[in-house]
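Below are the chains, spelled out letter by letter.
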Amino acid sequence: MIEPCSANDKSLTLEYLERRYGLVQELLADFEFYASANGRVILGPKQIDPCLSPDTAGLLIARIGTTVKPSTNLLQIVGSLITRNFVALERENAVRYIKGLDLEVTATEIGDTTEGYVLLKYLAFPLGCGLLQGSHIKNMLPKAKRVDVRFL
Amino acid sequence: MTLEVPAAFAERYTQLVDDAPAFFEAMLTPLPKSFRVNTLKATAETIVPRFAGYGIGIKQAAWYSDAFVSDNPALGSTLEHFLGAIYVQELTSMLPPLLVRSELQTATTVLDACAAPGSKTTQLSALMNNRGTIVANDVEYERIKPLKFNLERSGTLNAVVTNYDLRSFPQMSFEVALLDAPCTSEGIFRKNPRQMLSWSPKRIAPSAHRQKQLILKTFDLLADGGTLIYSTCTFAPEENEAVIDYLLNERPAELEQVEIPNFRLMPGITTWQNRTFDERVRMTARVLPHHNDTGGFFLARIKK
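Chains as they are written, first to last, in the working numbering: chain A, 1430 to 1581; chain B, 676 to 979.
Among the hints, erroneous ones may be present.
[Unchecked claim] Derived DMTMM-like pairs: lysine to aspartate or glutamate, alpha-carbon spacing no greater than 25 Å straight-line:
no. : chain 1 : residue 1 : chain 2 : residue 2
1   : A       : K1475     : B       : E850
2   : B       : K979      : A       : D1478
3   : B       : K820      : A       : E1447
4   : B       : K892      : A       : D1577
5   : B       : K978      : B       : D895
6   : A       : K1572     : B       : D693
7   : B       : K866      : B       : E720
8   : B       : K978      : A       : D1478
9   : A       : K1567     : A       : D1484
10  : B       : K708      : A       : D1478
11  : B       : K708      : A       : D1438
12  : B       : K892      : A       : D1478
[As the list claims (entries may be wrong)] Chain A is nowhere near these chain B residues, computed Cβ spacing over 12 Å in every case:
no. : residue
13  : N747
14  : D813
15  : Q870
[Claimed, not checked] Derived list of chain A stretches under chain B, where covered just means 3 residues or more per stretch with a C-beta under 8 Å from a C-beta of chain B:
no. : region
16  : 1434–1448
17  : 1484–1495
18  : 1539–1551
No wet-lab data here; the hints were simulated from the structure. Glycine is no exception: its CB is placed at the ideal position from the N, C-alpha and C atoms.
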């Protein structure tokens, strides 16, 4: 079940996306923010008829706990607009990421990206979310999305 | 094991199709794999060179620039599939959203009445460029999970997922509605040939009964001037033309000619087993496997 998102959670999410990834807040202005269980923030259509009892709507874009955790859904959609805190992966690491494995990355690959949730890219393709801790990237790809990609 | 078309199936449909030998030969030929480019995430122009680089041969459909056919079973192992840039989907399944392509440019309320697993919902969303609201409903709760997964993978932001029995759906008003009705699925025997072995004409009447209930309800959910696309993946006239005939008798519905440029269609039939249907039913369309190398399908475009 979903409900309207509080103004506080909406601004927390938008400010985080702007601060960490350089995403302008107007980017998501055509959509509405909704809330679901356990701090889930959902981006969905502006209009949902009040007589409906939706199972869900739109996409899970973030989860708010001690910090904001962006979802792979969101990073795949807006990834091409992200200007900071991304890691461009080599082919082998991209395959490992899509398979669901954690990664070790070099200082060159990390560049000026800071620790925390990062976008992982391969070439120009936004793959999803990882948690950068030192030279280690914890895989945040949802289990259901993990596959063995042979062509990339 | 060599498959054969069941004798009763052959007897029933020999009289329906234009070229029975070609029809039955196509029914026994495996269905080519196909996919649709998800324009929320990619374009056909970007996908073609990527697949050429993989050495995976793909062929663009003449009737829909986002539709491709491939004999390669590796489509699901590509980066594009992981990213949701392509959606593996049967060609016939892409037809209903195409019939309302122009309406989707401005529509703000769209109903996909039997939405799971989401092939058509994600296509509708792409054709709407994520604008407006699509209510993606399915009565079977266990089919909601794959529906949600496919909406996520495709980057669909404008869908609302509901789990109503359509017959008790809240009274609302939609500009566009798709009713891809549950049916006896004779048109997908090419995809699942073993289903042909258990084919029985006894399944047709209960299915048709349910479809008549669903089409009345979906029509009632249309706004005045709204457009309903009724479709099935079966050949049985009882589930196709007879359902449309029933709607025309029960409601002030109008039919519009089904046309898809560069795609061969057979007009709906007006007589079947001593029954005569409303002449307007001729404006509906049948998709026969041997005409376009696809599965079988039925389409009707209805206005309120």
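Now for the hints, and whether the structure bears them out:
1. K1475(A) <-> E850(B): holds (17 Å)
2. K979(B) <-> D1478(A): holds (21 Å)
3. K820(B) <-> E1447(A): Distance of about 32 Å is beyond 25 Å: violated.
4. K892(B) <-> D1577(A): Roughly 43 Å separates the two Cα atoms, so the pair is violated.
5. K978(B) <-> D895(B): holds (11 Å)
6. K1572(A) <-> D693(B): Not OK: K1572(A) and D693(B) at ~49 Å, beyond 25 Å, violated.
7. K866(B) <-> E720(B): Not OK: K866(B) and E720(B) at ~28 Å, beyond 25 Å, violated.
8. K978(B) <-> D1478(A): holds (23 Å)
9. K1567(A) <-> D1484(A): Between K1567(A) and D1484(A) the Cα gap is close to 30 Å, so the pair fails against 25 Å, i.e. violated.
10. K708(B) <-> D1478(A): Not OK: K708(B) and D1478(A) at ~38 Å, beyond 25 Å, violated.
11. K708(B) <-> D1438(A): Given that 25 Å is the threshold and the Cα spacing comes to 44 Å, the pair is violated.
12. K892(B) <-> D1478(A): The hint holds at about 18 Å.
13. N747: violated (10 Å)
14. D813: Violated, since 9 Å does not exceed 12 Å.
15. Q870: holds (27 Å)
16. 1434–1448: violated (count 0)
17. 1484–1495: The restraint on the region 1484–1495 of chain A holds, since 6 of its residues have a Cβ under 8 Å from chain B and three suffice.
18. 1539–1551: violated (count 1)
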